[in-house]
Amino acid sequence: MNLTFAILGTGMAFIGLLGLYLAWRSHGAPRWHILGAWGGLIVSLICWAFAGGIDRGLALGAIVICLLALGFIAFTALSSEKGGRRGGLRRRSMPDRKGTVWGRFPQKIGFTLLAGPIAGLASYITAMGLHQALSMLGWHPANSLVMVLFIFPILWGVIATLVLISKRRSTFVSCLLGAPLVSAALIALGSAG
Amino acid sequence: MTDLAIQSKPSRVKQALSAHSAMGVAISAVLYIICLSGTLSVFKDEISLFEQGRVPVVTALSGDALMTAADAGMQAEPDSAHLFIHMPTAAKPYALVQTDNTENFITPEGEISAARHQPWSDFLIDLHYYLHLPKSFGMLIVAMFGVFLFAMSVSGVLAHPKIFKDAFAFRRTKSEQIKQVDLHNRLSVWTMPFHLSNSLTGAMIGLATLSALAVATMDYDGDTGAVFGPVFGTEPPVNEAPASMARIDLAMSQVTENFGHTRPVYAILHDPNTQGQYLQIMAEHPRRLIYAEKYNFNGAGEFLGTVGSSDGEIGQQVADSVYKIHFGAFGGLPVKIAFGVFGVCLLFIITAGMKIYFIKQAAKGKAVPAIQRAWQAIVWGAPVLLAITFLMTRVGFAMPMLQWVFWGGLALYVCVQILRVKRVNISTP
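Heads up: the sequence lines are chains D and P, in that order. Our numbering puts the first residue of the first sequence at 54, with every later residue one more than the last. Our numbering puts the first residue of the second sequence at 4, with every later residue one more than the last.
Think of the hints as simulated: they come from the structure by calculation, not from any bench. None of the values given here were measured: they were computed from a predicted structure. Glycine residues also receive a C-beta, built at the ideal position from the N, C-alpha and C atoms. You can trust all of the hints, since none of them are fake.
Some, not all, of what chain P presents toward chain D, calculated at C-beta under 7 Å:
id, residue
1, Val157
2, Ala170
3, Arg291
Modelling step: build the complete structure from the supplied sequences, incorporating the hints.
Written as structure tokens, this is what we have:
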């Protein structure tokens, strides 16, 4: 570990976060101020890459930024002004003591739990189609495999979210069928080849 | 911005918030247990050493000690298909010899000193990896929760259009709902690199077998074992004719002489004491995230080449970095402590998210007291039961009793809490 770069990276992370914090407090900081603060964070990551190695250093830099940011949040929380309506919502709330114990809970949970595996199936087929496409493009097997290993959960998460967000039936159907159908075609093409 | 865009944005945010809430309610209970056990698992080396008690301090193993340890390991289980020697490091000043079914600490001379006995560490890891379910199925379930955690991050970002504008807002003294929303959002945003990387690496590890099944069918005639060959290397053909122990000492001395910048962490011998035995010295590269480069040798200790985890294809390097990223094992104790802090933040994010849900439901007059009670039972019951299981191991209990106590205790506590709500409802006129 190069200590000079580590200290420099930590300092730049603090300056970058301080810049963002001051911009947040001023409610209308000029754009150069905000960009400068983000620039500080990027310089911090570069310093950490020199300090701890290209991949490991970046990870260490990200940890430092996150920890410092948590410190800023703790400072904001501790210095937040008193006088707010404590328990204001409780006064407005109308707890349904006599009514439903379970509410609409099963219905909501049921749809989510159903959408999850369906999205999983769609993303599985899509990821395999991508693997087939990358193989056809001549990617090294290690690269295409690892790409698929990561793409599968990413797609799953994104498709599940889109399905749960979508209001229109067409969006819902295209999320679940669009990419998987193209992928199935690619897999069939690859198998035939 | 067009009129349509102005109209659709609040609607999209509302839908995203609804999806985020529904997903959160559906998965929080199990996710909380996975995250709690994962946070503790970051310190598994320290916990397991504490559990084990006194072990011989080993700072280095000579060539003779390595050969003695290998012979001793194979005497403990002569039919084992693998032999592992865990090398001592600065952070772990002890060494072990492991076969398929035995694991023993060794002295600096390579002789077996004590059997590994870490029942609570095993219980904890089994909980985090598999939820104590059958391994392949359990890992798949845990991976699915990794996917859902990632989906929660995506929907959370979509549901929060003022993510940067509110970057530091934390109105601790406002109403309970605002306090919980700020806690949930601020911790989520500023620890996002941690929970995105952890959810994805966890999901990737757990779903790898499922992905390999399809890839094997498409490219390797159904041979799932061959799928990972391009990433982690392939073993030479098996030759079971007997032979003397592989020259681990020669191999290790070559690694220390020719690759001095690395730190050997494991010696792995495949098919020991056979003509086809195949030795890998796994060595850490201190400035990299990769777990270890694998230096391959034949039984005579002749160098055959490396797998390429440190300088091969980018896919190989990424795949080999997954473990250290997931468990925060790339910067010693300071990084582990940071991961511990992020893990605790994630637990707060989950509990704050559920509190927001319950507060909103109550405000709408649609309170769900049974679910709220059940949730509280999990939040407080899981850590208490983990502590109880730990104490049980100190008086000699082991798995599967620990599993029964943990899951049975949790189920009982949840049921009691739900029944208490029902009793209140019945007695309320």
